[in-house]
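Listed in order, the protein sequences are those of chains A, B and C.
Heads up, the first sequence is in my numbering, so the first residue is 9 and it goes up one at a time.
Heads up, the second sequence is in my numbering, so the first residue is 24 and it goes up one at a time.
Heads up, the third sequence is in my numbering, so the first residue is 206 and it goes up one at a time.
It is possible that some hints are incorrect.
What the hints assert, rightly or not - Derived Cβ-Cβ restraints for the label pairs, each shown as a range: (1) B/G211 / C/G313: 21 to 27 angstroms; (2) C/A399 / B/G27: 32 to 38 angstroms; (3) C/L334 / A/S184: 32 to 38 angstroms; (4) B/V159 / A/K419: 53 to 59 angstroms; (5) A/D119 / C/T221: 24 to 30 angstroms; (6) A/E159 / B/L174: 40 to 46 angstroms; (7) B/G27 / A/K297: 27 to 33 angstroms; (8) B/G211 / C/A295: 33 to 39 angstroms; (9) B/G77 / A/D119: 37 to 43 angstroms; (10) C/L288 / A/K366: 53 to 59 angstroms.
Said to hold, decoys possible - Below are the DSS-like pairs computed for lysine-lysine, each with C-alpha atoms no more than 30 angstroms apart in a straight line: (11) A/K163 / C/K339; (12) A/K313 / C/K339; (13) A/K372 / A/K95.
FYI, nobody ran anything at the bench for these hints, they're computed from the structure.
Glycine residues also receive a C-beta, built at the ideal position from the N, C-alpha and C atoms.
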Amino acid sequence: MKKRLALGTTFALVLALVGGSATPLQADPPEVVIGSILPLTGGLATTGRGLKLAQELARDLINGHISYPVTMVGGYGLPHLGHARLKIVFADSQGNPDQAKTVAEQLITQDHVVALLGCYASAQTATASQVAERYGIPFLNPDSSFPNLTERGFKWFFRQTPHDGTFSANLFQFLSDITKQKNAKVRRVALVSENTLFGTGAADAEEAEAKKYSYDLALRMPYAANASEVQSEVQKVKAANADVIFQASYLNDALLFMKTYKQQRLNVQGILAQDAGFIDPNFVKNLGKDADYVLTRDVFSLNIKHRNKGVPLINELFKQRSGGNNLDGNTARDFTAVTVIADAIDRAGSTKPAAIAKALRETKIDGKRTIVPWRGIKFDEKGQNTLGNGIIEQIQGGAYETVWPFDVATKPAIWPMPAWDKR
Amino acid sequence: MDVGPLPQLVVSGILTGLLFALISVGLTLIFGVMDVVNFAHGEFLMLAMYATFGATLIGINPILAVPVVAIVMFFLGAVVYRVLIRRLLAGPPSAVVFGTFGLLVFLQGAAQYLFTSDYRSIPNLPFQGTLHFGAVNLGEAQLVAGLGALLMTALVFAFVEYTEPGRALRALSEDRVAAQLMGIDVQGMNALAFGLGIACVGAAGALLMLTYQAYPRIGTEFALTAFVVVALGGFGSVQGALVGALLVGLVEVLGGFYISPALKMIPVYLLYLLVVLVRPQGLLGRR
Amino acid sequence: MTVRAHLIALGIVALTLTALALGYHNAFILNLVFAGLIFAVLGQSWNWISGYAGQISFGHALFFGCGAYASALFAARHGSPWLALPAGAAVAAILALLVGFPCFALRGHYFSIATIAVAAIAEIAATNLAALGKANGFEMPILAPGIATLQFSDKGHYVLVALALFVFAQLATLGLERSRLGFYLRAIRLNQEAAASVGVDARAAKLTTYAACGALAALAGSLYAQQALYVGPEDTLGLPISIAIALVGVVGGLSTVWGPALGALVYVALARYGGALLGGQGHGLDLLLYGGLILVIVSWRPDGLAGIGRSIRRALERREARAAP
Chain A
9 MKKRLALGTT FALVLALVGG SATPLQADPP EVVIGSILPL TGGLATTGRG LKLAQELARD
69 LINGHISYPV TMVGGYGLPH LGHARLKIVF ADSQGNPDQA KTVAEQLITQ DHVVALLGCY
129 ASAQTATASQ VAERYGIPFL NPDSSFPNLT ERGFKWFFRQ TPHDGTFSAN LFQFLSDITK
189 QKNAKVRRVA LVSENTLFGT GAADAEEAEA KKYSYDLALR MPYAANASEV QSEVQKVKAA
249 NADVIFQASY LNDALLFMKT YKQQRLNVQG ILAQDAGFID PNFVKNLGKD ADYVLTRDVF
309 SLNIKHRNKG VPLINELFKQ RSGGNNLDGN TARDFTAVTV IADAIDRAGS TKPAAIAKAL
369 RETKIDGKRT IVPWRGIKFD EKGQNTLGNG IIEQIQGGAY ETVWPFDVAT KPAIWPMPAW
429 DKR
Chain B
24 MDVGPLPQLV VSGILTGLLF ALISVGLTLI FGVMDVVNFA HGEFLMLAMY ATFGATLIGI
84 NPILAVPVVA IVMFFLGAVV YRVLIRRLLA GPPSAVVFGT FGLLVFLQGA AQYLFTSDYR
144 SIPNLPFQGT LHFGAVNLGE AQLVAGLGAL LMTALVFAFV EYTEPGRALR ALSEDRVAAQ
204 LMGIDVQGMN ALAFGLGIAC VGAAGALLML TYQAYPRIGT EFALTAFVVV ALGGFGSVQG
264 ALVGALLVGL VEVLGGFYIS PALKMIPVYL LYLLVVLVRP QGLLGRR
Chain C
206 MTVRAHLIAL GIVALTLTAL ALGYHNAFIL NLVFAGLIFA VLGQSWNWIS GYAGQISFGH
266 ALFFGCGAYA SALFAARHGS PWLALPAGAA VAAILALLVG FPCFALRGHY FSIATIAVAA
326 IAEIAATNLA ALGKANGFEM PILAPGIATL QFSDKGHYVL VALALFVFAQ LATLGLERSR
386 LGFYLRAIRL NQEAAASVGV DARAAKLTTY AACGALAALA GSLYAQQALY VGPEDTLGLP
446 ISIAIALVGV VGGLSTVWGP ALGALVYVAL ARYGGALLGG QGHGLDLLLY GGLILVIVSW
506 RPDGLAGIGR SIRRALERRE ARAAP
């Protein structure tokens with residue numbers, strides 16, 4: 009690890025010497041102000057704080073002059089705007105759609121932001137983007153996966169992440185691939201999902217896929233994410249006698265379910281999760297070895313083949329700021345979103361919202377120039393990035409290892425997961 | 024006859040109920056003596072969980088931490104009574120409600136400020152196994168917490184019924200003026216009751232760390248259930264809180280299984296409404 | 206305060222806010238003013254049942270949500286919001302009667318917890334019923350702005366509509382204070398048995414009040430939905446909303462005409478504006494300050510801000526009395 013870090017540092021220094029020729033042009037460069045709405049307090053605060061750190065890191069790297077092989081990073085601000093500094097004004101949605109809308113209005117009318125990022129939770133993204141649409145301000149969503157968001161006919165809304173439809177297709181493709189590879193027999197699937205926007209959207213997409221692959225739907229169970237215990241939930245899953253569980257949960261409920269699965273000795277071939285709580289740094293930290301063998305879709309991994317060489321360095325910087333947390337699918341997407349919006353503003357060469365929206369529509373970033381393992385970033389007429397895709401990770405020995413697509417996997421998937429009493 | 028998962032559900036329901044009892048005993052104790060609904064009750068639970076986490080950081084065994092945290096919380100409760108609750112009691116009844124609600128917001132903000140919103144759990148906890156009785160699985164940590172709840176309820180009950188200060192507390196809850204005339208130090212007794220109530224929730228928090236994580240909002244997840252439990256059992260009744268908690272636990276788990284997990288709180292609320300409409304003072308409350 | 210003084214004060218507030226709504230174009234501030242007026246109305250509605258009638262409710266979001274969902278449901282079917290307003294109010298009033306009829310037999314905290322239980326059942330139902338949009342709620346369509354659609358591009362117009370409702374609520378409260386019903390409520394609050402012995406039908410008086418305050422809160426909910434254009438279970442029926450409403454009622458001062466308005470001012474300034482100002486750090490500093498301020502107000506003056514106003518007035522009167530020969 010030390011050695012890799014040293015290598016990386018040398019690499020960065022070389023890049024800085026070769027490419028970082030930018031020098032301060034003026035004493036006081038102009039600023040370009042964008043707004044970012046995140047759930048900084050309330051139930052999603054843990055995640056929200058991480059996202060803020062990731063966006064701040066991206067901002068500082070864009071404004072700095074040390075080059076990494078990532079779009080816009082190290083350009084000493086926005087080159088085509090006289091090296092203007094990128095500034096992000098953060099606002100707290102409190103995890104509440106109404107508040108998200110109020111602060112969006114505040115950012116647009118008070119802080120005169122030229123573009124908006126946000127808001128992690130799909131319900132808040134829905135309301136805040138409505139405000140942006142009304143004012144004609146480009147809204148780039150890094151991380152909300154509710155499919156409907158790009159089906160509203162909005163002209164100012166762009167979504168960089170793949171949505172639940174794509175993710176669920178990935179999960180089922182993986183299931184089909186792995187069962188073929190391991191000669192395993194899977195018939196019955198159980199869909200467990202929290203009952204707000206995120207879980208419902210995920211379960212809808214999963215149900216459609218399950219039908220496509222003609223699996224038996226043993227159970228579709230929505231549950232309340234704010235439950236203080238999940239005994240009856242787990243008994244229902246147990247009674248369904250499923251081979252595989254598909255699960256969409258936030259952090260608190262994900263922890264409760266895992267502990268109760270273990271306690272009730274609920275053994276299945278695999279648990280396939282829809283990121284969220286399952287990729288939160290607190291998940292492995294709090295479950296320890298009981299988190300092992302869980303499979304989750306993700307949009308990012310530290311452990312993946314052919315990844316961008318800048319990732320370990322950026323991850324080290326992130327760890328310094330986050331008190332030791334690694335980049336994860338959420339923070340990596342939010343980091344990327346800042347580079348994407350900076351790229352659009354820079355190409356627009358203007359801070360006019362219309363020009364930025366036009367530039368966003370013409371975005372064409374090669375996957376190799378991002379920290380996420382996507383083919384790239386390119387928006388269709390609905391504002392959806394068409395070059396994004398998910399990966400499947402498995403927690404092995406407390407680390408998230410990429411196990412699918414097989415050609416970028418760092419470890420082979422362990423399937424089926426060992427029974428609780430055989431660990 | 025195949026009863027399916029019923030035995031397991033009943034056992035899970037009882038253990039869940041005991042967990043609720045653990046949290047509710049302190050709440051009902053405070054109410055019984057002072058007629059105070061402590062809205063910040065969940066936040067004291069949260070503080071106790073952080074305290075337990077801190078105690079294990081300096082090497083105290085998580086089980087030994089239970090009495091330690093309870094004692095610390097007792098003094099915290101007494102101080103909170105002296106500084107805040109006493110003033111509130113001088114005002115109209117609504118003042119207490121909103122004072123303790125202000126305390127809730129304040130403590131939650133303070134926890135987020137001081138401890139951040141990260142989840143904290145104790146590494147290498149004891150009692151993480153499961154016991155098997157035929158088809159019924161029993162989590163050890165749940166069992167320990169359940170036994171703790173029974174022990175605590177028994178202790179509080181014995182204290183209130185059979186000791187001198189306990190009798191004074193009871194006298195106070197029955198007739199404040201008469202108790203005063205008999206020379207009972209009302210302020211002192213109130214501070215004792217509030218301290219004891221918070222000590223109970225302190226022990227509950229420490230036991231809860233066996234299965235849950237500490238984070239600033241954990242208190243709110245449990246507080247509402249605790250209120251329903253206490254009201255169902257009858258405000259001020261220690262045995263009532265235990266009975267109410269067991270009922271709520273059973274209804275929640277059975278209702279969740281046989282109706283729908285997403286709707287599992289509806290039968291709980293309906294149960295409460297039904298009970299108080301028939302018995303307006305709750306199951307074991309006094310008129 | 207005399208009726209005349211109340212009316213003058215109301216006139217000044219209405220004129221100032223009208224001027225602000227028409228002349229000031231800061232959307233963020235106007236949004237806050239709108240939220241303040243909506244909460245002042247909600248607080249007043251709560252004040253009727255919990256202040257004047259003395260039945261502390263922690264489930265007031267139920268009625269607020271009724272109005273909001275009525276607006277959303279009408280909008281989804283292209284109905285006029287002008288029909289949604291009375292429809293939501295009527296449903297809320299009926300619900301109030303249904304809830305109040307059995308629950309007014311409960312005393313004190315048992316009643317409060319019952320209101321929580323009923324609102325929670327409504328929230329869970331809305332979260333799981335397809336007809337009520339489940340957890341997604343409703344995103345309302347953006348229509349051509351105007352008085353017919355009750356949607357405006359200018360935030361100031363929303364403020365005007367909310368102001369009209371606020372003025373109505375204030376006048377109604379003044380009327381209530383001076384009516385037979387108001388007199389009954391006071392009697393019941395002081396001593397229900399004594400009131401009953403002189404022939405006051407306590408349950409009927411409380412039920413009438415509860416139905417009226419349900420309707421008023423629903424009207425506020427409808428206006429809120431027209432402005433937010435999004436209605437979801439957590440944000441309209443959740444316990445935090447109920448508590449916020451009750452807090453507005455208490456911080457300002459129970460059973461006073463101006464208490465809820467003062468409480469709404471504090472709530473919006475601290476929880477909303479302060480949250481927007483400090484919440485961006487995500488450190489919980491805004492919660493710390495808001496909670497701290499509630500503690501200070503309540504422990505300093507348990508009867509709320511209006512109590513402080515009363516003491517100041519009394520002090521002034523005493524000084525005048527002393528100054529007089």
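Subject >> 30 angstroms Cα cutoff - pair A/K313, C/K339 >> reply: Given that 30 angstroms is the threshold and the Cα spacing comes to 41 angstroms, the pair is violated.
**OP:** With 40 to 46 angstroms as the target window, see if A/E159 and B/L174 comply at their CB atoms.
**Re:** violated (57 angstroms)
**OP:** Look at the Cβ atoms of B/G77 and A/D119 and judge whether their distance stays inside 37 to 43 angstroms.
**Re:** Check passed, 40 angstroms falls within 37 to 43 angstroms.
Original post:
Going straight from one Cα to the other, do A/K163 and C/K339 come out at no more than 30 angstroms?
Top reply: Given that 30 angstroms is the threshold and the Cα spacing comes to 27 angstroms, the pair holds.
Subject >> 32 to 38 angstroms as the expected CB spacing between A/S184 and C/L334, which holds or is violated >> reply: Since the Cβ atoms of C/L334 and A/S184 sit about 35 angstroms apart, the hinted range of 32 to 38 angstroms holds.
Original post:
Regarding B/V159 and A/K419, is the given constraint of 53 to 59 angstroms on their beta-carbon distance met?
Top reply: violated (37 angstroms)
Original post:
Okay, C/L288 versus A/K366 on CB: inside 53 to 59 angstroms?
Top reply: violated (42 angstroms)
Original post:
Honestly, do B/G27 and A/K297 meet the 27 to 33 angstroms range at C-beta?
Top reply: holds (32 angstroms)
Original post:
When you take the CB atoms of B/G211 and C/G313, is the distance between them in 21 to 27 angstroms?
Top reply: Holds, since B/G211 and C/G313 (Cβ atoms, about 26 angstroms apart) stay within the stated range.
Original post:
Range hint 32 to 38 angstroms: satisfied by the CB atoms of C/A399 and B/G27?
Top reply: Given a distance of about 58 angstroms, which is not inside 32 to 38 angstroms, the answer is violated.
Original post:
Can the suggested window of 33 to 39 angstroms be confirmed for the beta-carbon pair B/G211 and C/A295?
Top reply: violated (54 angstroms)
Original post:
Is 24 to 30 angstroms a correct range for the gap between the Cβ atoms of A/D119 and C/T221?
Top reply: About 27 angstroms separates the Cβ atoms of A/D119 and C/T221, which means 24 to 30 angstroms holds.
Violated hints, listed in ascending order, are 2, 4, 6, 8, 10, 12; each of the other numbered hints is respected by the structure.
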